[in-house]
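Chains A and B, in that order, are what the protein sequence lines are. Sequence positions in the first sequence follow full-length UniProt numbering and run 1 to 490. Sequence positions in the second sequence follow full-length UniProt numbering and run 1 to 265.
In case anyone wonders, no lab produced these hints; they're calculated from the structure. It should be emphasised that the depicted structure is a prediction, and the values quoted were computed from it without experimental measurement. Zero decoy hints are in this set.
Here are the simulated BS3-like pairs of lysine-lysine, each with C-alpha atoms no more than 30 angstroms apart in a straight line: (1) K388/A <-> K152/B; (2) K129/B <-> K383/A; (3) K388/A <-> K129/B; (4) K484/A <-> K152/B; (5) K182/A <-> K198/A; (6) K383/A <-> K140/B; (7) K89/B <-> K99/B; (8) K383/A <-> K112/B; (9) K289/A <-> K388/A; (10) K131/B <-> K388/A; (11) K388/A <-> K140/B; (12) K129/B <-> K152/B.
Quick look at which bits of chain B chain A covers, simulated, 3 or more residues with Cβ under 8 angstroms: (13) 60-72; (14) 92-98; (15) 111-121; (16) 171-182.
A few chain A residues that don't get close to chain B, going by computed Cβ distances all over 12 angstroms: (17) I70; (18) P79; (19) T157; (20) A205; (21) F227; (22) P231; (23) A233; (24) L257; (25) Y281; (26) A294; (27) A424; (28) A457; (29) N475.
Idealized CB from N, CA, C, for every residue including glycine.
Chain by chain, the residues:
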Amino acid sequence: MPLLWLILIVLVLGAAGYVAGRQRAMSSAGGDPRHLHSLPVYYGSNVALFATVPALLVLVVWLIAQPMYIDRTVAGEIPAADIPQGSTLGLVMSDVRRVAEGLDLAISQGVMTAEEEGALVAGESGIREKLAQVGVALGSDVSPITLASARHYRDMTATGNLVRDVLVLLLAVGGFGYAFSKTNRDFRARNTVEHAIKLSLILSASIAILTTVGIVLSLVFNTVEFFRLYPAAEFFLGTTWSPSFGGGSSLGVLPLLWGTLYISFIALAVAVPIGLFAAIYLSEYASPKVRAFAKPLLEVLAGIPTIVYGLFALLTVGPLLVSAFGDGGLFGVNWMSGASSVSTAGLVMGIMLIPFVSSLSDDIINAVPQAMRDGSFGLGATKSETVKQVVMPAALPGIVGAILLAASRAIGETMIVVLGAGAAARLSMNPLEAMTTVTAKIVSQLTGDADFASPEALVAFALGMSLFVMTLCLNVLALYIVRKYREQYD
Amino acid sequence: MYDNPNLERKVAQNETKISARNVQVFYGDSQAIKDVNIEIEARTVTAFIGPSGCGKSTFLRCLNRMNDTIDICRVEGEINLDGENIYDKRVDPVQLRAKVGMVFQKPNPFPKSIYDNIAYGPRIHGLAKNKADLDEIVEKALRRGAIWNEVKDRLHAPGTGLSGGQQQRLCIARAVATEPEVLLMDEPCSALDPIATSQVEELIDELREQYAVVIVTHSMQQAARVSQKTAFFHLGNLVEYGDTGQIFTNPKDPRTESYITGRIG
Numbered sequence: 001m002p003l004l005w006l007i008l009i010v011l012v013l014g015a016a017g018y019v020a021g022r023q024r025a026m027s028s029a030g031g032d033p034r035h036l037h038s039l040p041v042y043y044g045s046n047v048a049l050f051a052t053v054p055a056l057l058v059l060v061v062w063l064i065a066q067p068m069y070i071d072r073t074v075a076g077e078i079p080a081a082d083i084p085q086g087s088t089l090g091l092v093m094s095d096v097r098r099v100a101e102g103l104d105l106a107i108s109q110g111v112m113t114a115e116e117e118g119a120l121v122a123g124e125s126g127i128r129e130k131l132a133q134v135g136v137a138l139g140s141d142v143s144p145i146t147l148a149s150a151r152h153y154r155d156m157t158a159t160g161n162l163v164r165d166v167l168v169l170l171l172a173v174g175g176f177g178y179a180f181s182k183t184n185r186d187f188r189a190r191n192t193v194e195h196a197i198k199l200s201l202i203l204s205a206s207i208a209i210l211t212t213v214g215i216v217l218s219l220v221f222n223t224v225e226f227f228r229l230y231p232a233a234e235f236f237l238g239t240t241w242s243p244s245f246g247g248g249s250s251l252g253v254l255p256l257l258w259g260t261l262y263i264s265f266i267a268l269a270v271a272v273p274i275g276l277f278a279a280i281y282l283s284e285y286a287s288p289k290v291r292a293f294a295k296p297l298l299e300v301l302a303g304i305p306t307i308v309y310g311l312f313a314l315l316t317v318g319p320l321l322v323s324a325f326g327d328g329g330l331f332g333v334n335w336m337s338g339a340s341s342v343s344t345a346g347l348v349m350g351i352m353l354i355p356f357v358s359s360l361s362d363d364i365i366n367a368v369p370q371a372m373r374d375g376s377f378g379l380g381a382t383k384s385e386t387v388k389q390v391v392m393p394a395a396l397p398g399i400v401g402a403i404l405l406a407a408s409r410a411i412g413e414t415m416i417v418v419l420g421a422g423a424a425a426r427l428s429m430n431p432l433e434a435m436t437t438v439t440a441k442i443v444s445q446l447t448g449d450a451d452f453a454s455p456e457a458l459v460a461f462a463l464g465m466s467l468f469v470m471t472l473c474l475n476v477l478a479l480y481i482v483r484k485y486r487e488q489y490d
Numbered sequence: 001m002y003d004n005p006n007l008e009r010k011v012a013q014n015e016t017k018i019s020a021r022n023v024q025v026f027y028g029d030s031q032a033i034k035d036v037n038i039e040i041e042a043r044t045v046t047a048f049i050g051p052s053g054c055g056k057s058t059f060l061r062c063l064n065r066m067n068d069t070i071d072i073c074r075v076e077g078e079i080n081l082d083g084e085n086i087y088d089k090r091v092d093p094v095q096l097r098a099k100v101g102m103v104f105q106k107p108n109p110f111p112k113s114i115y116d117n118i119a120y121g122p123r124i125h126g127l128a129k130n131k132a133d134l135d136e137i138v139e140k141a142l143r144r145g146a147i148w149n150e151v152k153d154r155l156h157a158p159g160t161g162l163s164g165g166q167q168q169r170l171c172i173a174r175a176v177a178t179e180p181e182v183l184l185m186d187e188p189c190s191a192l193d194p195i196a197t198s199q200v201e202e203l204i205d206e207l208r209e210q211y212a213v214v215i216v217t218h219s220m221q222q223a224a225r226v227s228q229k230t231a232f233f234h235l236g237n238l239v240e241y242g243d244t245g246q247i248f249t250n251p252k253d254p255r256t257e258s259y260i261t262g263r264i265g
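Just chain A, with the same shape it has in the complex (with noise of 0.2 angstroms):
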């Protein structure tokens, strides 16, 4: 049975269960909701939730676990003496799920009966051409022992979908029955159902939680495994970055490291001076009207995606300095000699940041209480002498969370370094020499056709930890900062 209509049955089920579900609430309190223990929306919901819920997580995990399981039988199946040499067992495999699918579609398509796919013979029976016609290519002839894999394959694929397909329709009538005949008028259906909405809340909150602890478990296993094939040592202190995936690289992630903290200081030093004047403008001197234009208009800033930011570097912010700072530029002075800079990357990426900064401190700002600026007015301070004195110290504290958070964000950015900032790798303190980050040499390790076990790809993922641990230590110390501050007003 195909899967959409099982899983049609199992949702039809449900509909029906509800629809009986209310009835025989009703029926049981004689008509009048009013000696239902609950409403009767309740009991019909109750009735449809277990028709439903159990039987379709079953088939989830179903789906995920049967082909592992077959995969790995099939594999222990096939002798090492029949992997041909140059192969490995997971290619073979591979083809083995290939023609498996391909037989599949061909007796589907009517290209071939399942008798003609009994009879086949490997080698003989043109398997290659047959499935050609329906749209599946194969590298080579079909071999005796991968005809015989697939065809096992099959068959356990095929039995595995029908034990499934009975196992869910027996769940999902199941817990229809069970479901319906606990339903009557003092059956608290209010309850099971809040119940069922508080497990589907916290499923979701898991679900978040645990990607997150997927992904720093991926980050550290394989970084496990880099720093086995890479000492640690030269990899934290090493002062050149050369990989050759020949082999014999050197992998310092200073550079790297330098390049990524020069160009997030340069962004900084341009987001925050005017992120945080045009807050203090937006939140104190502003008139309503001014405020309510100028407000969305810097936040629409924020909206435009990073990639044009980069564009705006490589072709406007680069050529404009180096027409500046370069051969025969404005000041005569030949200091720069491409586009790519620290200084193309660390600008752009200040106006991207500026948005970020201010929307935070402007909120800040906003929370300081009237009563304070009112206080200061109140002694003759000037509007400048309210905002130095009183309105930063008080606000002081949640604008430092908000730098950290826009250095935290400098750090990690990609798009803007891998188009602006150039590609060599260098300690440099020339703001005008092209550099690179940690996170344009991640791109670049993982976008090549490294072999994936090489240490010059996985080193990408040791880069991925420490910008992970650096952002995470920033963030942390921010919301610190940030929840300290909240404390004192409210």
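Knowing the structure of chain A, use the given hints to seat chain B on it.
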């Protein structure tokens, strides 16, 4: 004839500090104050009483142009401080507020140390020549705020760590530190317990020796206790203004009488 100290006080009281002429205040289209005329005397405590929303706080905030910080607020008429119209274009509201200090309903110490709270005004207005001078100003203000003995050992502790009553006296000391001529108090005791209230009231009585104090209050007992003059506001009008004793014992207007005896409010 023998010396009569009360007579001398009477003479001093007649010196007018602030006089308001036909003051109207609008918030957008609605009128909050209608045609108020009042003479506030120097070295006197003047109490503004009246039901909630009658405009007494609004009028108080006109006296140091705090209403300028509210965009939709518009003031018409003339308010003279020592004969000079404070709504004249040439008057700098910031300078004016240094002369007419204000204490608010809720204690609002800055999130700074006690010392810096008091030194805030003198620093802004450059009242101290050096550190020793500033120390002296701070001590004097804290003494006048009747809080010196409680805080002299922890001048560098945060002002927000004091109790409510101490915070309010700190705010009064802070207002006094800039050497104002008039002190406006907007329900200064409404957030305080009875003990703190009586301390603040004593303080107000002492402040009268040097300043004109204007106090807005909801408590009629408080008005009777601390003030020499009382003004009764109702629906944006100044209904009656006179000596406190006369207002409370022998009001001329029936509305004043109903409010004082608790029939409207």
